[in-house]
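Novice: Here are the chains, one letter per residue:
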Amino acid sequence: MSATTRSEGSMFSAYRFIPHGSLHALAGLAVVAAVLAFTVKDKFFLHVLIMMLLYASISSAWNIVGGFAGQLSLGHAAFFGIGAYTSTLLFIDLGISPWFGMVIGGALATLVSGAIGYPSFRLRGPFFTLVTIAFAEVVRLLTLYAQGLTRGSIGISVPFRPAVGNFIFRQHSAYACVALAFLVLTVLVGLWIQNSRLGYYLAAIREDEDAAQALGIDAARYKLVAVLISAFLTALGGTFYAQYIFYIEPFQTFSLDFSVLLAMMAIIGGLGTVWGPVAGAFLVTPLQEALQAKLGGELQGLHLVVYGTVLIVVVILLPQGIVPSLAAWGKRMFGQREARPAASPKGGA
Amino acid sequence: MILQAENLSKSFGGLAALKGVSFGIEEGEILGLIGPNGAGKTTLFNVLSGFFRSDQGRVVFAGETVSDLKAPQRCRIGLVRTFQVVKPFGGLTVLQNVMVGSFLRTADPGLARERALEAMELVGLSGRRDTAAKSLTISDRKRLEVARALATRPRLLHLDEVMAGLNPTELVQMLDLLKQIRGRGVTLLVIEHIMAAIMTVSERLLVLHHGEKIAEGTPKDVAGDKRVVDAYLGEEYLLA
Chain A
10 MSATTRSEGS
20 MFSAYRFIPH
30 GSLHALAGLA
40 VVAAVLAFTV
50 KDKFFLHVLI
60 MMLLYASISS
70 AWNIVGGFAG
80 QLSLGHAAFF
90 GIGAYTSTLL
100 FIDLGISPWF
110 GMVIGGALAT
120 LVSGAIGYPS
130 FRLRGPFFTL
140 VTIAFAEVVR
150 LLTLYAQGLT
160 RGSIGISVPF
170 RPAVGNFIFR
180 QHSAYACVAL
190 AFLVLTVLVG
200 LWIQNSRLGY
210 YLAAIREDED
220 AAQALGIDAA
230 RYKLVAVLIS
240 AFLTALGGTF
250 YAQYIFYIEP
260 FQTFSLDFSV
270 LLAMMAIIGG
280 LGTVWGPVAG
290 AFLVTPLQEA
300 LQAKLGGELQ
310 GLHLVVYGTV
320 LIVVVILLPQ
330 GIVPSLAAWG
340 KRMFGQREAR
350 PAASPKGGA
Chain B
12 MILQAENLSK
22 SFGGLAALKG
32 VSFGIEEGEI
42 LGLIGPNGAG
52 KTTLFNVLSG
62 FFRSDQGRVV
72 FAGETVSDLK
82 APQRCRIGLV
92 RTFQVVKPFG
102 GLTVLQNVMV
112 GSFLRTADPG
122 LARERALEAM
132 ELVGLSGRRD
142 TAAKSLTISD
152 RKRLEVARAL
162 ATRPRLLHLD
172 EVMAGLNPTE
182 LVQMLDLLKQ
192 IRGRGVTLLV
202 IEHIMAAIMT
212 VSERLLVLHH
222 GEKIAEGTPK
232 DVAGDKRVVD
242 AYLGEEYLLA
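In the order they appear, the protein sequences are chains A and B. Quick note, in our numbering, the first sequence goes up one by one and the last residue is 358. Quick note, in our numbering, the second sequence goes up one by one and the last residue is 251.
Read the hints as simulated data drawn from the structure, not as lab findings. These numbers were taken from a predicted model, which means no experiment stands behind them. The reader is advised that the hints may include incorrect statements.
[What the hints assert, rightly or not] Okay, the calculated beta carbon distance ranges per label pair: (1) Asp-266/A - Ser-146/B: 34 to 40 Å; (2) Ala-116/A - Gly-138/B: 56 to 62 Å; (3) Gln-95/B - Tyr-24/A: 38 to 44 Å; (4) Met-12/B - Phe-136/A: 49 to 55 Å; (5) Tyr-24/A - Gly-138/B: 26 to 32 Å; (6) Arg-195/B - His-33/A: 39 to 45 Å; (7) Leu-304/A - Gln-95/B: 55 to 61 Å; (8) Gln-301/A - Ser-146/B: 52 to 58 Å.
Just so you know, even glycine gets a beta-carbon here, dropped at the ideal spot from N, CA and C.
Generate coordinates for the entire structure from the input sequences, incorporating the hints supplied.
Specialist: Shown next, in the form of structure tokens:
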């Protein structure tokens, strides 16, 4: 392209257009979570809090591809697993700090996501989804076969050597703080994307790819950018999981169930909205953990029955997801008077 | 000549939708493209805008052969189209829809917003800023389609039946809009079925029939052309 078609203005200025309301909500959430992290003494509740924050983060990362770009990936467990395995192996075999390994794992997942995304984004709809499922399965099988490197199906235990540099803590509250920082990061990335050109383009691609192309949007390229960011963030979550649970193995780490869970949280909360995955994860995670703890031992699979029933009810009652339904309800209750001031921070251009 | 189409042919299976069509568009003119249903008008649009590859022939835009460029790249150099069946981004607001267009020339959301508002003002959609595109009326959807394309700052704009389905008042507004767009230095290629409208607004007309160009010239010449009358306009048109 000639120089005259170069863009004017900076893409980074998009942060100025993030609605203040969202930033306040994020700050409020962070304060509440931080206070809970240091006041809750019950180990189980603290664990639930940590998992809520972790799942909210990873589901938000998934939402960049699945929600913003509207490409239903069910292969994100692969990126999660790549993150978990990379940092853990680097830590155990080479003594590299998981903090550093986390970034390397993210970079590796980004690379892999580009390699798989480039060809598969030509496919639309269910065909794309099928490819992502197959992709995660292939990564899992490779992990199983490469026993010399990955220990195969036995899995890997992370030795308990508490130290900040080892990303291993005695206190659960420290894990909660790291998970919270991770959530703040993913939500900020989501808010930035949503209000930048990338976000507008992804929404356009999701709504009508042909119309997007007609407006000069190289759909394949922007979907690729979305998956690169999404894969990186998802892999960070994998490292956190390994450092917190102390054990990873191929069947669970790369499972389709996990990919589905990420998608389901975002769908329940509100697909393609920044707060949807957070709301979805905050609802589903405690439910899942509590049911598993209370009913898991009673009758095989009973907790899954209850869990499934609750999800069906939520999807029937709020087909748009929690966040859009609440937003629509708020609009009806408070009318235009509420909607105007909320939109005005964007008006100061 | 801002655009030259040379010997364009396109077949779908055994059906020849375009047969060796050649024509040119002068910078700053409004060229009307007419013909009966199935004449190949929309196929021609798809070939010019890069949605289809022609089997033969080439498209030259601003002195550059663009036959190998895909739709997004053609849009970037100023060759932009709208769709006959409008394609709003239904879940987005009107403003957001138009911003998608203006983001082509700037990555800055503030600038994109400013330019989108300008384009909306021009087409008369300012009052619908925060309306979801899916709840617009058909005439507003057509305006949105035009505003979004305009926001990309085109040099040559293809409009595919933007007047279909409008009432007489809306029709007059749309004709006015086309003249205003041209006044801003944008060349227009317009597909239209409403003869009264296309006759008044275009400097020249191009007539397609069964994928072939059967006439080209001023509205007056074309309306008097026997082949055009036979193929498309009908006897009544001459009498009227």
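Novice: Hints first: check each against the structure and report whether it holds.
Specialist: Results for each hint:
no.: 1; hint: Asp-266/A - Ser-146/B: 34 to 40 Å; result: holds (38 Å)
no.: 2; hint: Ala-116/A - Gly-138/B: 56 to 62 Å; result: violated (49 Å)
no.: 3; hint: Gln-95/B - Tyr-24/A: 38 to 44 Å; result: holds (39 Å)
no.: 4; hint: Met-12/B - Phe-136/A: 49 to 55 Å; result: violated (42 Å)
no.: 5; hint: Tyr-24/A - Gly-138/B: 26 to 32 Å; result: holds (30 Å)
no.: 6; hint: Arg-195/B - His-33/A: 39 to 45 Å; result: holds (42 Å)
no.: 7; hint: Leu-304/A - Gln-95/B: 55 to 61 Å; result: holds (57 Å)
no.: 8; hint: Gln-301/A - Ser-146/B: 52 to 58 Å; result: violated (43 Å)
In terms of the numbered hints stated before, the structure departs from hints 2, 4, 8, listed from lowest to highest.
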